[in-house]
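J.: Please take these sequences and the hints and turn them into a complete structure.
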Amino acid sequence: MGSTMEPPGGGYLHLGAVTSPVGTARVLQLVFGCTTFSLVAHRGSFSGVQGTFCMSAWGFCFALSVLVVACEFTRLHGCLRLSWGNFTAAFAMLATLLSATAAVIYPLYFTRLECPPEPEGCTARNFRLAASVFAGLLFLAYATEVALTRARPGQVASYMATVSGLLKIVQAFVACIIFGALVHDSHYGRYVATQWCVAVYSLCFLATVVVVVLSVLGHTGGLGCPFDRVVVVYTFLAVLLYLSAAVIWPVFCFDPKYGEPGRPPDCPKGSCPWDSQLVVATFTYVNLLLYVADLAYSQRIRFVPTF
Numbered sequence: 005m006g007s008t009m010e011p012p013g014g015g016y017l018h019l020g021a022v023t024s025p026v027g028t029a030r031v032l033q034l035v036f037g038c039t040t041f042s043l044v045a046h047r048g049s050f051s052g053v054q055g056t057f058c059m060s061a062w063g064f065c066f067a068l069s070v071l072v073v074a075c076e077f078t079r080l081h082g083c084l085r086l087s088w089g090n091f092t093a094a095f096a097m098l099a100t101l102l103s104a105t106a107a108v109i110y111p112l113y114f115t116r117l118e119c120p121p122e123p124e125g126c127t128a129r130n131f132r133l134a135a136s137v138f139a140g141l142l143f144l145a146y147a148t149e150v151a152l153t154r155a156r157p158g159q160v161a162s163y164m165a166t167v168s169g170l171l172k173i174v175q176a177f178v179a180c181i182i183f184g185a186l187v188h189d190s191h192y193g194r195y196v197a198t199q200w201c202v203a204v205y206s207l208c209f210l211a212t213v214v215v216v217v218l219s220v221l222g223h224t225g226g227l228g229c230p231f232d233r234v235v236v237v238y239t240f241l242a243v244l245l246y247l248s249a250a251v252i253w254p255v256f257c258f259d260p261k262y263g264e265p266g267r268p269p270d271c272p273k274g275s276c277p278w279d280s281q282l283v284v285a286t287f288t289y290v291n292l293l294l295y296v297a298d299l300a301y302s303q304r305i306r307f308v309p310t311f
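Numbering (the working numbering), first residue to last: 5 to 311.
Treat the hints loosely; a few may be bogus.
With beta-carbon atoms standing in for the labels, derived distance ranges [unchecked claim]:
#	residue 1	residue 2	range
1	Cys83	Pro25	20 to 30 Å
2	Leu19	Arg85	42 to 52 Å
3	His188	Gly266	18 to 28 Å
4	Pro25	Gly184	29 to 39 Å
5	Thr286	Pro121	48 to 58 Å
6	Cys271	Leu19	54 to 64 Å
7	Leu152	Leu86	35 to 45 Å
8	Gly225	Tyr262	40 to 50 Å
9	Thr23	Arg194	57 to 67 Å
10	Pro25	Glu264	29 to 39 Å
Derived from the structure by calculation, the hints contain no laboratory data.
Just so it is clear, CB atoms sit at the ideal spot from N, CA and C, and this is done for glycine as well.
T.: Following this line, the structure appears as structure tokens:
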């Protein structure tokens, strides 16, 4: 007679969580992530804002990867009150963006081919080079998971696994870059028009976060109308809002009547408002293109809200 304590779906442990292609990618994420921040913490360097960001990104990604693998391996994700497919797809995309950013920032600010002076010496240089390599491998591991779990055309999948869902994460990430440039002495408060642009960035960011949170929590069915229709309408409005910001921001920052068409020669490097304004303008166009692509893809997706 079988034990009454056996779970109805089979054994408690799910070996496929670590032996499947997606599971293998997640195990590699743990290995590469642990190796990267261990090398940096031991003999590398992570001083300043850039180093703190890299260590925070690697630590955050590693912690959530441990949670994902543990829940998949023990089947505990079935006890969580969230849409597991949406959660893992959203996290994989976010981790890909964070690890890609850290893989660029760390070598740029901390890695050199020549040996630094003592007491660091060539040993520290070697540790930083090794950390840069593993940071790149970590990015590839997360990107592989995104590629493996992304919904294919005609496939029924969770919303965050579709191209439209993945683009939501990228849009929010780009908006965070815009906010970072805005608070870095961008002088956005000089004109009502540039304040309107900040309102556009904020409204679209908040709406995107709400869409992601509702999808991850599996509450998309309680909106009173089809979720896919809500997403399409919101994305269309976001395109119009970003289109207005893409016109207004460059005019009031780079037109000679309101701002500076070129970088002022006396502007200090690293703390120049013109540089921040250029970053905001560039990523405004990036997000506009992302929302346009999102609108195009959202016309033909099929997904299960709580899958």
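J.: Tell me, which hint numbers fail for this structure?
T.: As far as the earlier hints go, 2, 5, 7 and 10 are violated by this structure, in ascending order.
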